[in-house]
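Chains as they are written, first to last, in my numbering: chain A, 1 to 280; chain B, 1 to 650; chain C, 1 to 152.
Mixed in with the good hints, there may be bad ones.
Stretch-level coverage of chain A by chain C, calculated; a stretch enters the list once three of its residues show a Cβ under 8 Å from a Cβ in chain C [stated by the list, open to error]: (1) 37-46; (2) 221-227; (3) 235-246.
Partner residues aside, some chain B positions facing chain A, computed with beta carbon under 10 Å [said to hold, decoys possible]: (4) GLU202; (5) SER205; (6) GLU207; (7) ARG346; (8) LEU462.
Think of the hints as simulated: they come from the structure by calculation, not from any bench. Since we're looking at a predicted model, the values are computed, not measured. Note that the Cβ used here is the ideal one computed from N, Cα and C, for glycine as well.
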Amino acid sequence: MLSIYWGCYASTKQYSLEVSTRNVLKALGVVAKEVDGWSCCGNPFKGINPKLWLYLASRNLSLSGENDILTVCNGCYLSLREAQHLVNSRKDAAEWVERVLELEGLEYRKPKVLHPIEYFKSVLSSEDVVKPLKGLRLGAHYGCHSLRGSLPSFDSPTNPSMFEDIMELLGAEVVRDYAGRLDCCGATLMAINPEVGFAIASSKLKKAGEAGVQGIVTPCPYCFEMLDSRQETLVQLEGAPNMPILLLQQAIGLAIGLGSKDLGLNFNMSPIDNLLKRIG
Amino acid sequence: MVSIGVYICHCGTNIAGVIDVDSLREYASRLRDVIVARDYAYMCSEAGQELIAKDIKRGVDRVVVAACSPAMHERTFREVLVKAGLNAYLLEVVNIREQCSWVHSETPEKATEKAKGLVAMGVARARLLEPLQPMAMPVTKSVLVIGGGIAGITASLNAANMGYEVFLVEKEGSIGGRMAQLEKTFPTLDCSPCILTPMMAEVASNERIRLLTNATVKSIDGVAGNFDVKITIKPRYVDVEKCIGCGACSRFCPVEIPSAFEEGLSMRKAISIEFPQAVPRAPVIDPSSCLHFKDPASCDICLQKCPTKAIDFSQKEMEVNAKVGAIIVSTGFSLYRNLEEYGLYRSRNVITGMQLERLACPSGPTGGKIVKPIDRSEPKTVAIVLCAGSRDEKHLESCCVIGCMAGLKHAWYIKSHNPDAKLYVLYNDLRASGKGYEEFYTRLREMGTIFVRGKPSQVEILDDGTVELSVYDQVLDEIVDIRADLIVLETGLVPSEGSEKVREALKIPRGRDGFLLELHPKLHPVETHSEGIYLAGAAQGPKDIPSAVAQALAASSKAAEIVLSREKIAVEPVVAEVRTEKCSRCMACLQTCPFGALKIEEVDGEEVVVVEEARCKGCGACVSTCPSSALDLRHYRERQIVESIRGAVV
Amino acid sequence: MLKVGFEKPEKCFQCGRCTSSCTVSRILKDYRPNRIVGFVRHGLVRKILDPSIWNCARCLKCVEYCPQKVAPADIVLNLQYQAVSEGIPFPEAYRAMVEEVSKTGLAFQEMNVTDRDFETWSRESFGLPPFRVGKHVAKISEIVSMIEKGDL
C-alpha cells in the first residue's frame, strides 16, 4: 500500500499541495495509508549537523513499515533516498541508526521512496483526462533534487522527458527541451542570501519566457513558492516576466476535472486566471 | 622413490617481505622425499636457474618452485629442466606470491603458515608427476585476419609477403574501416583515402590473400597451428566478377536509406557502393529495404539497367570452411554516442568528429563544405569539445587516446574551410605525445585558434538550433557562455559492434575498458592468452594509425614466429585420456566438451570414446562429468589432485 | 572528520565543469566550486571556512556534471559542518530550524496563509486534518537534544 510523506512545507504552509494531492488521489481511486508520527525529513540539517539529518530521515523510513512512500517534495525525496543509501553502504551508519531508533522504539525499514512524477506517470492514463490543458504553451520545471545527485533517479538528469510526457498526456502543448529547463529556482538561498536567490529565480523565468514558455508546472513546494508566491517581487525587482505557475498535482487535478477549491488554486499568487479560462 | 628439490623465491621483497622464507625452507626440507630445499632472491634469474640446474645434475628428479604465478614463469622453469636433462612436466610451480604474500601482506605469520601448506601440496603432487611428451602437430601455413581496417590490411599484406596464405574476413561490403571515412590524418594532414587505397588495392591483387567481404566468422575450433574456421558470407546479390562499378544500379534505385558511411548525414540507395574507393568495387543490396525482396514483381530496375547483368537476386548465404594456423583479430572500434548531455541528438548542429570528417571530405555529403547540418549554411562560431564522454565515470573511464589530436586536426579543417568563423577548442588536458604531435599543436596555436582550458558542462539548445555551452575559463576566472552554431564532439571509443561475437567465439577476455585483453600489457601487447591468436589495432584499445600499423606488423610477425614458420608445433600434452575398460558409453562426456574434442570411433568392431588430442584444451570438464571415472586428465590426474589436497591437510 | 555524503576531493582534476554549471558562481564571482575543492585537496581548509561556504544553492549541478564523482556540493556541506563544529557563526535561519524541529518535529511553524482573495486560512479552517507528529514529539525532542549535545 502507498503511504504519503507530507514533509514540512505541505504540513505547515503549502496547503494547496496537500489538498490537491489528497483530492487527485481520491479521484483516481488511490487509497493511501495515513502514518502517525511523521517528522521533518532532515534535509535542512545535512550540512550543519549530519547526524540530525540521518536520524530524522531514518525515523521516517522506519515509520512507513512495509509501505512504499510517496513524497511530495523534491528535498524530501532526495533526503530519504540518500539516508537509505548511507545506511545500506556503511556499517557504522547502519549501527548508529539502529541504536538511535531503538531509543524511540523504532526499527529501521527499507521502503521504496517514490517521486510524484514517476508515481503519476505510472498511474495516469489518457482516459482520466476530461479537460485537456489547452491554451498556453507549458514548460516543465523538474527542480534540482528530483533528478540530480549521486544516486540514480527515475529519469535522465541531463535529458529527462517523463514530466513532459505527463503534461502531454494531460493535453497540454509542451515546450520540451527549453534553455534553462534544468536550472535551479534558488529557493534554498532565500534564508541565507535572498538577493542571489531572487537573481536565480528571475533568470529561470526570463529564460523560460525567451524560449516561448507561457506557464510552468513544478512538483516541488519550494520551487513553487519561489516562482509563484514571490513572482511579483521577481517582476518588480529583476524584470522577470509574469506567467502562471502550477503544482504538478494542480495540473493533473484540472485535467481530470477537479475544481479550484479542490486544488487550492486560491493560494496561487501567479496570474493563473488566463490559463484557467482557456482550460474551461 | 623420487628425489624432490624445493626452490623458494624471495621475489625481492614481494614474497620475502611478508613470508618468513627461512622458516618455509626449513619446513620444506623436512618433508618426505625432499632431498634439498633452497631459497634465493630471484629464482627466475640466471643465477637462480643455475641453482636448479646444478641440483638436477646431482640427482634431483622432481622440481618444486615456490614463487610467483605459473602464468609468469612456468615456461621459464620448464626450459631449465629440459636443458638440465629432465622432462619439462616434472615441474610443479607453487604460487606463494599472487595467492599468498600479495593478498595476505597484513598478516605475515598466517601468510607463512599458508605458504607452508601450499608447498606441502606442491610436494605431494610432485611425487606423482609423470614425464610427458608434448605432441608435435603439423602446422597449417595460413592465417585468418578478422577485420579489414588499416590494422587488418597491414597484417594481411605482411603475412602474404612473408609467404603465407591469408583469409581476410570483413563484415562490411568493403575493406577500409574507419580510416576510409577520414578526410585527412594527423599530424601530417595526408589525404587519408590517398594513403589507404593503394594498400586496399594491393590486398585485392595479392594472390595469397583471399578477401571475403560481407562476411563474419561463425565459429572457430582447434589449436594453434590447426584452427578450423567457419565463415558465413552474406549475399550482396551482385556478381563481383561481372560488376564493372559503373553505378547505374544506384542511380536508378528508388529506395533511399541513411548512409552509415556518411554517419547519417546523407542517404544512400538500397543498392550502392558505400564509397568511391571501395574494394571490392561492387555494390551491396540491403535486403531489408530493397523493394524486390518485399515483392519480386515490384521492382528490378537495377537488374534492368546493369550493362553486364551482374545483379543476382538469387544469391544465397554461403559458408566457407578454412583451415588456418594462426588468427589475428583486428576488429577495430566504434564511436561512443551516449552524449545527450553535450547536446548530441538534441540539436542537429551538434555533431561527432567523424561526422565533421564526412563534411570536410570532397566526396562527402556536402562536397567538402563544412556547413551547419540544420540549414546547410556556413557556421559563424564553432566549438570543438575534446574529451566528450571520456575520462568520465558516468560514461567511459579511460582516455580515448586520439581525441586531442583529432580535435586539433578538426580545428585545422575549420581554419582552412571556414577561415572567418570564430573557433574555440575546449579541452580538459591536451595530450599530444606522438611523433610530430606537439609541433602540430604549436601550429594550431600559431593559426590563431582559441584554446580554452575547461570542460563545458551545460549545453542549452536555443530556438534557432544554436547551442549555448557554458565553460569556466580558469585563466580569465570567468564563466563563458559560448553561443556556437556548430559543435564538434570528440567522442570516446568503444570496441566495434562486431567484436563481441568474435570475442566469444575465440574466448578472448575483455579488459576493464571493454577492449580485448592482451597477454601482458608491457611485454606482450599483441598476444593473447591463447597461443596462435593475436590482436592488432583498436580492437586491443584505442590508438592512432601508426600504433595500429605497428601492432599489425608485430602480430603478423608473431604469428609467423610462433606458428607459421614452423613445420610442426608443440601442443601441450595436458589432454584427457580414456580408460576404455571403465567406459559405460553413456556419452555424457561428448555433450559436456565445449571444444568437440571427444568422439566415438570404431576400433576392432567396438565403439569406443576417443579424445582428439589436437582439439582438447585440458579443461577437465569431461573428467568431472564422467560417472564411471573412465576419464582422467594427463598432468592433472585425479590421484595427483587428491594427494595434493592430502598434502595440505595432513 | 565525519564523511557525510559522496565527497571525494582527491579525485578532482580541475576540469572546471562544476564551476561552469554552478548556479551561484554566475552571480557571485568569488564563489568557485573548483577552487573550493582545490583548497580542500591542498589541505588549506582554514582559508575557505568563510561566510561564502553558505552560499551554495544545493542545486547539485556540480555533482551531476563532475566526471570524477568528486561531489563538490557534498564537500561544501562537509565544510559547513566543520565550521559549525569549530563554533564559527552560521546563518540564523538554520538555528531557528533546529530549535523548531526539537520543539515540534517539523522545521517550520504552522502558519496562517493569506490567499489571492485576501482570505486567511489555517490548516484546520481550510479543512485539512491536523498533522500527525503528535505523541512522538517528546521522544524526538529528547533525541534531538542528545544529538545536538554530541551524546549520540
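Results for each hint:
Residue count for the segment 37-46 of chain A with a Cβ under 8 Å from a Cβ of chain C: 7. That meets the three needed, and the coverage hint holds. Residues of the segment 221-227 of chain A lying with their CB closer than 8 Å to a CB of chain C number 0, which falls below the three-residue condition for coverage. By the rule of at least three residues with a Cβ nearer than 8 Å to a Cβ of chain C, the coverage given for the segment 235-246 of chain A is violated, with 0 such residues. Interface restraint check for GLU202 (chain B): the shortest CB-CB distance to chain A comes to about 46 Å, outside 10 Å, so the restraint is violated.
Proximity of SER205 (chain B) to chain A is violated relative to the hint, the smallest CB-CB distance being about 50 Å (cut-off 10 Å). With 10 Å as the threshold, the beta carbon of GLU207 (chain B) stays out of range of chain A, its nearest partner Cβ sitting at about 54 Å, so the hint is violated. Because the smallest distance between the Cβ of ARG346 (chain B) and any Cβ of chain A comes to about 6 Å, under 10 Å, the interface hint for this residue holds. Among the interface hints, the one on LEU462 (chain B) holds; its C-beta lies about 6 Å from the nearest C-beta in chain A, closer than the 10 Å criterion.
When held up to the earlier numbered hints, the structure conflicts with 2, 3, 4, 5 and 6 and fits the remainder.
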